[in-house]
Amino acid sequence: MITVNYFARLRELTGKSEETIESDSMTVQKLLDWAEDTYPGFGKSTVHVAVNEEYALKEDIIQSGDVCAFIPPVSGG
Amino acid sequence: MITVNYFARLRELTGKSEETIESDSMTVQKLLDWAEDTYPGFGKSTVHVAVNEEYALKEDIIQSGDVCAFIPPVSGG
Amino acid sequence: MMKPYEIVETPIEIQKYADYVLHAGAGAVTVFTGNVREWTHGIRTLYLAYEAYIPMAEKKLAQIGAEMEDKWPGVKVAIVHRIGELHISDIAVLIAVSSSHRKAAYEANEYAIERIKEIVPIWKKEIWENGEEWIGAQKKYPEGNGSE
Amino acid sequence: MMKPYEIVETPIEIQKYADYVLHAGAGAVTVFTGNVREWTHGIRTLYLAYEAYIPMAEKKLAQIGAEMEDKWPGVKVAIVHRIGELHISDIAVLIAVSSSHRKAAYEANEYAIERIKEIVPIWKKEIWENGEEWIGAQKKYPEGNGSE
Numbered sequence: 000m001i002t003v004n005y006f007a008r009l010r011e012l013t014g015k016s017e018e019t020i021e022s023d024s025m026t027v028q029k030l031l032d033w034a035e036d037t038y039p040g041f042g043k044s045t046v047h048v049a050v051n052e053e054y055a056l057k058e059d060i061i062q063s064g065d066v067c068a069f070i071p072p073v074s075g076g
Numbered sequence: 000m001i002t003v004n005y006f007a008r009l010r011e012l013t014g015k016s017e018e019t020i021e022s023d024s025m026t027v028q029k030l031l032d033w034a035e036d037t038y039p040g041f042g043k044s045t046v047h048v049a050v051n052e053e054y055a056l057k058e059d060i061i062q063s064g065d066v067c068a069f070i071p072p073v074s075g076g
Numbered sequence: 000m001m002k003p004y005e006i007v008e009t010p011i012e013i014q015k016y017a018d019y020v021l022h023a024g025a026g027a028v029t030v031f032t033g034n035v036r037e038w039t040h041g042i043r044t045l046y047l048a049y050e051a052y053i054p055m056a057e058k059k060l061a062q063i064g065a066e067m068e069d070k071w072p073g074v075k076v077a078i079v080h081r082i083g084e085l086h087i088s089d090i091a092v093l094i095a096v097s098s099s100h101r102k103a104a105y106e107a108n109e110y111a112i113e114r115i116k117e118i119v120p121i122w123k124k125e126i127w128e129n130g131e132e133w134i135g136a137q138k139k140y141p142e143g144n145g146s147e
Numbered sequence: 000m001m002k003p004y005e006i007v008e009t010p011i012e013i014q015k016y017a018d019y020v021l022h023a024g025a026g027a028v029t030v031f032t033g034n035v036r037e038w039t040h041g042i043r044t045l046y047l048a049y050e051a052y053i054p055m056a057e058k059k060l061a062q063i064g065a066e067m068e069d070k071w072p073g074v075k076v077a078i079v080h081r082i083g084e085l086h087i088s089d090i091a092v093l094i095a096v097s098s099s100h101r102k103a104a105y106e107a108n109e110y111a112i113e114r115i116k117e118i119v120p121i122w123k124k125e126i127w128e129n130g131e132e133w134i135g136a137q138k139k140y141p142e143g144n145g146s147e
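Chains as they are written, first to last, in numbering that gives the first Met the number 0: chain A, 0 to 76; chain B, 0 to 76; chain C, 0 to 147; chain D, 0 to 147.
FYI, nobody ran anything at the bench for these hints, they're computed from the structure.
Be a bit skeptical, because a hint or two may be false.
To be verified - Reference excerpt, derived from the structure (chain D facing chain B, CB under 7 Å, subset only):
1) Met0
2) Met1
3) Lys2
4) Ile11
5) Lys15
6) Ile53
7) Met55
8) Lys70
9) Ile126
10) Trp127
11) Gly130
12) Trp133
To be verified - A short list of chain D residues far from chain C (calculated; beta carbon distances all over 12 Å):
13) Glu12
14) Gly24
15) Ala27
16) Val30
17) Gln62
18) Ala65
19) Glu68
20) Glu106
21) Glu128
22) Glu131
As the list claims (entries may be wrong) - Below 20 Å or equal to it, Euclidean Cα-Cα: the simulated PhoX-like pairs (lysine-lysine) are:
23) C:Lys102 with D:Lys116
24) C:Lys124 with A:Lys15
25) C:Lys58 with C:Lys2
26) C:Lys102 with D:Lys102
27) B:Lys15 with D:Lys116
28) C:Lys15 with D:Lys102
Ideal Cβ positions, reconstructed from N, Cα and C, are used throughout, including at glycine.
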C-alpha cells in the first residue's frame, strides 16, 4: 500500500489531500501515469514526486509503505 | 571669524573640539596648511575639510562666519 | 520557542530571528522579509493563501541552510515561512543570516530566497476581487535531490 | 519617534525601522545591521567608541538615501547609526530598504553600507586590552561633494 498526498492545485483538482493505492511497488513514472489517467488535467509533465519527503527521479522505485507526494510547481517566498 | 571643529584623532591631537580663527577669508588649502603648522602630526594629506556641513574642495573659499570641520578618514558602519 | 528552519501559521516576528543568528563573532546580520504587496502586474491582491507540505518544507529549508554554510563558512542562518491566509504587508518569508563580514551575509541571504523559490514545497494562491489562481512556474523534472 | 536618517546614542531597535519602510506596495524588505564583533584580525575587541559630526552625518545619510531612490526608483529607506560606547553584539548601523521586488532591496541596501563607509563623517575607535586606535582608511582628497 502506497500513500499519496495532494497539495495546492492538485488537492483542489482531486478533491482530496491524501489517498492510498493498493500496490507493492511501482516506479515514480508509473505513479505519474496513474495520476494522469485517474484525474484528467493532472498535468504530470509539470508535477514532481517526493518519496518519503525527498524528491525522487522518474525511474526510482516506490515500495509499499512509502509516503509519496505530488509536488506541483512551487511558489514559496 | 571662522569656526573649526575637530573630531576623533584630531580632537585628541589638538586637545579641543572647536576653536575660532580670526580671518575674513581663506582657501581650504590655506586652512589645512595652518592646521599642519599649528598642530604637528595633523596629517593634512589625509584630512578633508567640510564647510557648513558639506565637503569642500581645496580651492574653495572659506568666508568669515563659516563653520568648518576637519574630517579625518571616516570609519562608520 | 523557535526552530531555525520552520513553517509557521502565525505572524513572523523579525526580532526573534535576528536575535537567533547573532553571536559574538558576527559583524553583520542581514534580514530579508518577503511581504504581501497589494498590486502585482496591475492586479489588486485581496489576500494570499499559502500551503506547504510541512515536514518536507522544513527539511528543504534546513538543506538550504546547510548549502549556505557550505558556500559561506561561518554564516549562521534562520529561515521561516508562514502559511495560511496572509494579508497586505504580512511577512510570508523571513531569512536571517549572520556572518563575520557583510559580503557573505548579503550573498548568502539572496541565495536563500532564490533556492526557496526553486525547491521548497510551498504554494501560493493569489485571491483577487474577480478570481484566484495557484502561482508557480513550470519546471522540468529535477535531476537528483532538487539540487542543481 | 524616529527620523529616517539619524544618529542616535541609544540601542537601535530593528522593528522600528523595518516598520517604517513597509507599505502596501512593498514586496520585499532588507534590513542590514553592522554589529560589534569580538575578534578582528586575531585581536580581541573590548568595546568600540563611535563619534560623529552629527548634523553633517545625518545630511550625508539622507544624501545616500536620495542616491538610492535615484538608482532604484520606488525604494523606501531608513538609515540609523549609533554613537558612543558600543559593546560586543551591539548594533552600530542599521539600513532598512523596502521595494516592490527583492532585487532592488538587496542591491540598494548593500550600496548604502558601501557609501556610509565612504562619505559619512563617523569615526570608530577600537579599544583592546592593551591599546586603542582610531580606524579609518586614508583616501585622497575628494572631488566635488563627496560623490565618486
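What's the verdict on Lys102 of chain C and Lys116 of chain D, does the C-alpha distance respect the 20 Å limit or exceed it?
With a Cα-Cα distance of about 14 Å, the restraint between Lys102 of chain C and Lys116 of chain D holds, given a limit of 20 Å.
For the pair we were handed, Lys15 of chain B and Lys116 of chain D, check the Cα-Cα distance against 20 Å.
25 Å, violated
Given hint Ile126 of chain D near chain B, where the shortest CB pair must fall under 7 Å
13 Å, violated
Satisfaction of the Lys2 of chain D interface hint, Cβ to chain B closer than 7 Å:
16 Å, violated
So, as I understand it, the hint says Ile11 of chain D touches chain B; can you test that by seeing if any CB pair is closer than 7 Å?
13 Å, violated
Chain B contact restraint for Met0 of chain D - C-beta distance below 7 Å
Constraint on Met0 of chain D not satisfied, violated at 23 Å.
Beyond 12 Å from every Cβ of chain C: is that where the Cβ of Ala65 of chain D lies?
With a cut-off of 12 Å, Ala65 of chain D remains clear of chain C, as the shortest Cβ separation is near 22 Å.
20 Å Cα cutoff - pair Lys102 of chain C, Lys102 of chain D
Given that 20 Å is the threshold and the Cα spacing comes to 16 Å, the pair holds.
Test the statement that Gln62 of chain D is away from the interface with chain C: the closest C-beta pair must be farther apart than 12 Å.
21 Å, holds
Supplied contact hint for Lys15 of chain D, tested at 7 Å Cβ to chain B:
Since the shortest Cβ distance to chain B is 20 Å, the answer is violated.
Far enough from chain C: is every CB of that chain over 12 Å from the CB of Glu106 of chain D?
The assertion about Glu106 of chain D is violated, with a minimum of 9 Å to chain C.
For a C-alpha distance cap of 20 Å, please report whether Lys58 of chain C and Lys2 of chain C respect it.
Between Lys58 of chain C and Lys2 of chain C the Cα gap is close to 12 Å, so the pair holds against 20 Å.
Hint violations for this structure: numbers 1, 2, 3, 4, 5, 6, 8, 9, 10, 11, 13, 14, 15, 16, 20, 27, 28, all remaining hints satisfied.
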